[in-house]
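Chemist: As a plain string of letters, each chain reads:
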Amino acid sequence: MNPREKFSVGLLCMGMILALLPLSGSRSFTVKPQILLSEVLDDNTYLTVDQVAKFIVSEDSSVQIIDLRTPEEFRTVNIPGSINIPYSKLLDNDPGTILNNGKTVNIFYSNGDFNSNYALAISKGLNLKNTFVMKGGLNEWFKTVMNGNFSGERISARENALFETRTRAKKMFTVMNSLPDSLKLKFKQSKLLAAKKLDGGCE
Amino acid sequence: MELIKNNKIVIAVVLIVLVLVVIRSSGINHFKNDAKRLAGPTLEQSNTITREQASRFAGKNLIINMDKDYKSVNEITGEVQNITADSILCKKYVNTILKHNGSVLLSSSEPGLSARIWMILSQMGCTNIYILTTSTDNEVFKYKFRPDTLMH
Chain A
1 MNPREKFSVG LLCMGMILAL LPLSGSRSFT VKPQILLSEV LDDNTYLTVD
51 QVAKFIVSED SSVQIIDLRT PEEFRTVNIP GSINIPYSKL LDNDPGTILN
101 NGKTVNIFYS NGDFNSNYAL AISKGLNLKN TFVMKGGLNE WFKTVMNGNF
151 SGERISAREN ALFETRTRAK KMFTVMNSLP DSLKLKFKQS KLLAAKKLDG
201 GCE
Chain B
204 MELIKNNKIV IAVVLIVLVL VVIRSSGINH FKNDAKRLAG PTLEQSNTIT
254 REQASRFAGK NLIINMDKDY KSVNEITGEV QNITADSILC KKYVNTILKH
304 NGSVLLSSSE PGLSARIWMI LSQMGCTNIY ILTTSTDNEV FKYKFRPDTL
354 MH
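Going down the list, the protein sequences come from chains A and B. One point on numbering: in the working numbering, the residue at position 42 of the first sequence is 42, and numbering is uninterrupted. One point on numbering: in the working numbering, the residue at position 9 of the second sequence is 212, and numbering is uninterrupted.
Treat the hints with caution; some may be incorrect.
[As the list claims (entries may be wrong)] Output of the computed footprint for chain B on chain A, the stretches with three or more beta carbons under 8 Å from beta carbons of chain B:
| hint | segment |
| --- | --- |
| 1 | 6 to 15 |
| 2 | 32 to 43 |
| 3 | 85 to 93 |
| 4 | 172 to 178 |
[Unchecked claim] Derived coverage of chain A by chain B (criterion: at least 3 residues anywhere in the stretch with Cβ under 8 Å from a Cβ of chain B; other residues may be distant):
| hint | segment |
| --- | --- |
| 5 | 47 to 53 |
| 6 | 108 to 120 |
| 7 | 125 to 136 |
Note that these hints are calculated values from the structure, not bench results. Predicted model, so just to flag it, every value in this text is computed and none were measured. C-beta: ideal position from N, C-alpha, C; glycine also.
Taking the hints into account, I'd like the entire structure generated from these sequences.
Modeler: In structure tokens form, the structure reads like this:
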């Protein structure tokens with residue numbers, strides 16, 4: 001076999017191997033199933049609306065709240081500080097860049113419990129850490145934070161703290177969502193500026 | 204024989220690459236390729252069904268109950284298997300689900316848990332798998348926000 005024939009055979013083999021390769025343009029889960037199962041069964045991945053309300057009130061910059069609903073739904077009403085990544089678009093781009101892998105706490109929410117939990121399973125399957133869901137979604141948020149109240153004659157210190165957080169979160173939610181779209185961004189910027197001034201920093 | 208001897212380096216390289224390709228394409232972690240396509244039914248919510256809808260399914264149903272206390276699903280006929288969520292990926296259960304000739308219905312009082320398990324099983328290649336729900340408006344916003352018009 002002369003070198004030219006050898007080269008041809010080698011090229012043919014490589015061609016066959018390439019033909020066998022799966023099209024890698026599509027993303028697939030990288031975590032082993034048993035590991036993924038233990039991660040999705042972790043109760044700590046569920047956050048209550050009160051825990052999320054606390055994050056919002058404290059304006060914790062390490063927390064990223066992700067609204068998985070459609071842009072129309074997001075424009076109508078959303079949790080203050082949240083960003084909109086529709087569930088249908090989650091896998092279109094690289095979720096790792098959005099979820100800032102390992103750097104922030106990412107909290108998914110949708111109207112109910114399904115889309116946020118699908119998103120959580122997908123993110124864990126793609127080996128993206130620090131993802132959580134707000135249990136009950138926006139419906140639970142309205143039920144507990146926006147419309148909830150305490151009854152009874154005495155209120156414990158814990159209940160009082162909870163009530164205060166809910167009231168502040170409700171106020172922030174109402175203020176933010178009552179603003180016209182053009183003012184929402186300005187409002188966010190002014191809040192950031194105020195926070196910087198309080199920290200003693202400068203713009 | 205002479206040909207193999209003369210080209211042993213080329214053959215060795217090709218064999219190594221071939222083995223790597225086989226490992227890559229067979230999915231060593233048991234998940235199928237293209238997560239987005241496999242998650243497709245969740246976009247149209249065609250993977251969630253009510254008991255009434257499930258009762259109209261033709262063929263044999265396999266109901267997987269993930270709750271400790273199973274509430275019988277009278278409307279739906281089929282085999283019921285009590286499998287806790289943490290043991291659902293045991294080989295025998297996965298094989299049962301994969302080989303089942305009919306619809307597989309996930310039943311749990313916790314919708315979030317059903318959603319997570321559904322995603323894992325479907326990414327492993329389980330088709331005809333559904334989440335049993337009590338209503339069809341799982342992802343519908345049920346409240347109305349009233350803006351504060353006095354604040355401007």
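Chemist: Would you mind marking each hint as holding or not holding in the structure?
Modeler: Hint by hint, here is what the structure shows:
no.: 1; hint: 6 to 15; result: holds (count 5)
no.: 2; hint: 32 to 43; result: holds (count 8)
no.: 3; hint: 85 to 93; result: holds (count 4)
no.: 4; hint: 172 to 178; result: holds (count 4)
no.: 5; hint: 47 to 53; result: violated (count 0)
no.: 6; hint: 108 to 120; result: holds (count 10)
no.: 7; hint: 125 to 136; result: holds (count 4)
Violated hint for the displayed structure: number 5, the only one.
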